[in-house]
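Participant: Now for the letters of each chain:
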Amino acid sequence: MNDVEIIEKTKALLGDKVLEISNPALRRVFLKVDPKNLIPAVEVLKNSLGFIYVATISGLDSGENFEIIYHFAKPGSQLNLRTLVPKAHPHVESICAVIPGAILYERELQDMFGLVVDHIPDPRRLVLPDDWPEGNYPLRKDWKYERPPEKIPGGKS
Amino acid sequence: MKFTVPIGPQHPALKEPISLRMTLEGEVIRGVDIRLGYNHRGLEKLAEEKTWLQNIYVTERICGICSHSHATCYTQGVEKLMEVEPPKRGISLRFLVAELERVHSHLLWLGVAGHEAGFDTFFMYTWRDREVVMDILEMISGNRVHYAINTLGGVRRDIDELQKKKILDSLGILRRRSEYYFKIGASEPSFVARIAGVGPLSKADALALCAVGPTARASDIPQDVRKDDPYGVYAEVPFEVATATTCDVLGRVVVRVKELMQSYNIIEFLLKNLPDGPVAVRAPRRAKPNEVVSRYEAPRGENIHYIKSNGSDKPERLKVRAPTLANYPATVVMLKDGYIADIPLIFAAIDPCICCAERTVALVDGRSGQESVVLMSELRRKARERWKKAPPKKDAVWPF
Numbered sequence: 178m179n180d181v182e183i184i185e186k187t188k189a190l191l192g193d194k195v196l197e198i199s200n201p202a203l204r205r206v207f208l209k210v211d212p213k214n215l216i217p218a219v220e221v222l223k224n225s226l227g228f229i230y231v232a233t234i235s236g237l238d239s240g241e242n243f244e245i246i247y248h249f250a251k252p253g254s255q256l257n258l259r260t261l262v263p264k265a266h267p268h269v270e271s272i273c274a275v276i277p278g279a280i281l282y283e284r285e286l287q288d289m290f291g292l293v294v295d296h297i298p299d300p301r302r303l304v305l306p307d308d309w310p311e312g313n314y315p316l317r318k319d320w321k322y323e324r325p326p327e328k329i330p331g332g333k334s
Numbered sequence: 101m102k103f104t105v106p107i108g109p110q111h112p113a114l115k116e117p118i119s120l121r122m123t124l125e126g127e128v129i130r131g132v133d134i135r136l137g138y139n140h141r142g143l144e145k146l147a148e149e150k151t152w153l154q155n156i157y158v159t160e161r162i163c164g165i166c167s168h169s170h171a172t173c174y175t176q177g178v179e180k181l182m183e184v185e186p187p188k189r190g191i192s193l194r195f196l197v198a199e200l201e202r203v204h205s206h207l208l209w210l211g212v213a214g215h216e217a218g219f220d221t222f223f224m225y226t227w228r229d230r231e232v233v234m235d236i237l238e239m240i241s242g243n244r245v246h247y248a249i250n251t252l253g254g255v256r257r258d259i260d261e262l263q264k265k266k267i268l269d270s271l272g273i274l275r276r277r278s279e280y281y282f283k284i285g286a287s288e289p290s291f292v293a294r295i296a297g298v299g300p301l302s303k304a305d306a307l308a309l310c311a312v313g314p315t316a317r318a319s320d321i322p323q324d325v326r327k328d329d330p331y332g333v334y335a336e337v338p339f340e341v342a343t344a345t346t347c348d349v350l351g352r353v354v355v356r357v358k359e360l361m362q363s364y365n366i367i368e369f370l371l372k373n374l375p376d377g378p379v380a381v382r383a384p385r386r387a388k389p390n391e392v393v394s395r396y397e398a399p400r401g402e403n404i405h406y407i408k409s410n411g412s413d414k415p416e417r418l419k420v421r422a423p424t425l426a427n428y429p430a431t432v433v434m435l436k437d438g439y440i441a442d443i444p445l446i447f448a449a450i451d452p453c454i455c456c457a458e459r460t461v462a463l464v465d466g467r468s469g470q471e472s473v474v475l476m477s478e479l480r481r482k483a484r485e486r487w488k489k490a491p492p493k494k495d496a497v498w499p500f
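If you read the sequences in order, they're chains X and G.
With positions in the first sequence counted from 1, the corresponding number in my numbering is that position plus 177.
With positions in the second sequence counted from 1, the corresponding number in my numbering is that position plus 100.
Hints in this document: simulated from the structure, not taken from any laboratory.
Some hints here could point you the wrong way.
What the hints assert, rightly or not - Derived DSS-like pairs: lysine-lysine, alpha-carbon spacing no greater than 25 Å straight-line:
1) G:LYS388 <-> G:LYS327
2) G:LYS327 <-> X:LYS223
3) X:LYS209 <-> X:LYS186
4) X:LYS318 <-> G:LYS414
5) G:LYS150 <-> X:LYS321
6) X:LYS209 <-> G:LYS436
Using the sequences provided together with the hints, build the complete structure.
Facilitator: The structure is reproduced here in structure tokens:
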């Protein structure tokens, strides 16, 4: 199945749920859907188009919104499913019910962006330490790390 | 009575220290829980503050064994963003180093597998042979680990005829020695019996849990980015995707031995068809606003980098997914209903760089909460004792 066939089949199966679909390079398809249509889109991709493998999920802070990109792949093609979630209400549905292998990437998203993944099977922290202060999400653009001032024991204060 | 056994998290030589908390019933593992993040370095945030060129050296330091993989994955992505086409000779040299790295990584892993299975002679042999390929890499790049050969628009060093001849000679030595690995199962039935049937991962599970690399290929999934999404030279180079059908640690050994041979062929092909010309072109300092998904088959599996540019000389976002992370959910399934004695072997089989595994394992008594600390070597000794008593699996066959 080449890129053109994938685009045509996706358009036919998802209809007006497709907000944007583009093919910027060979074997790279970018598809954009609304967050409420995420699960139907993932189901179509898995069951009808054969994208059973999720390589990873990228999060992106783009000012007003969070972009979430699900990178799917199968032999001969690669598809990126993009959805925009407003920062004011950062909720997205878990895709683990459809693709169980996505669990670690969703937990990483929660840690790094402060997104809330609804119905995630395991919502614990994955990469941040247990004593990490609440409300600090390192990959948001407005988050800056400030190194605490160094104290030399016995030295000049 | 159930016990919870935490494995890890601290080990200085491991690139991704991990804490595995196992619930045991007697000697059988009933539940596995993974906790990551002990060595999270905030590299994706750091990359947003470095220039395109500086980030090559940042990504090269993601991993100490497949250092070239991350650097190449990043570089080929950025080259697409900058619309730079590296010269043919540069590309060939880049993937020559990539295949040499695969050889060194697989030889290292085979040694570790032999060591964990209690076959230390095999470990000595493979690590001795690995020095041959390490010497080649040092000759090409000047370094044994971080080759720093990639640059935006090509590679930084060229090779001459004398070096080419030396590599081909060394390749002959490696080939001859690797043939011994093919015969190893036939002459060492105890090794085959130890690894057969350990850490099963069915094809359905491997697909559902998105396993990658040799772990997936050992479960009979012919998944290889070099074939599925050819990048660099791989559209022109003839090679086969190595798979195994046994779905266990034996399969993972078989896949890596087969891949070694494929890599030797690729290296020979690249050297004999090395184009003439320059090795690099000049790359611009900035990249237009765009995004790219770069995929690369590292020795452990698929590497994927998502890179977004915003028109400046720094990336807007760099997302890195290393193959070991993708294999963790599958590891949980492999460990489940296995024996505590198999933990080192199964965990090493996904190749998480557990090579210097003198890790501390604390056995927690489920009732009293008392911990007793044992070393990994003690666990390994227990494993050998257990398998000495176990009846040999006579039906296990070496597929070569």
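Participant: Which of the stated hints cannot be reconciled with the structure, identified by number in ascending sequence?
Facilitator: 1, 6
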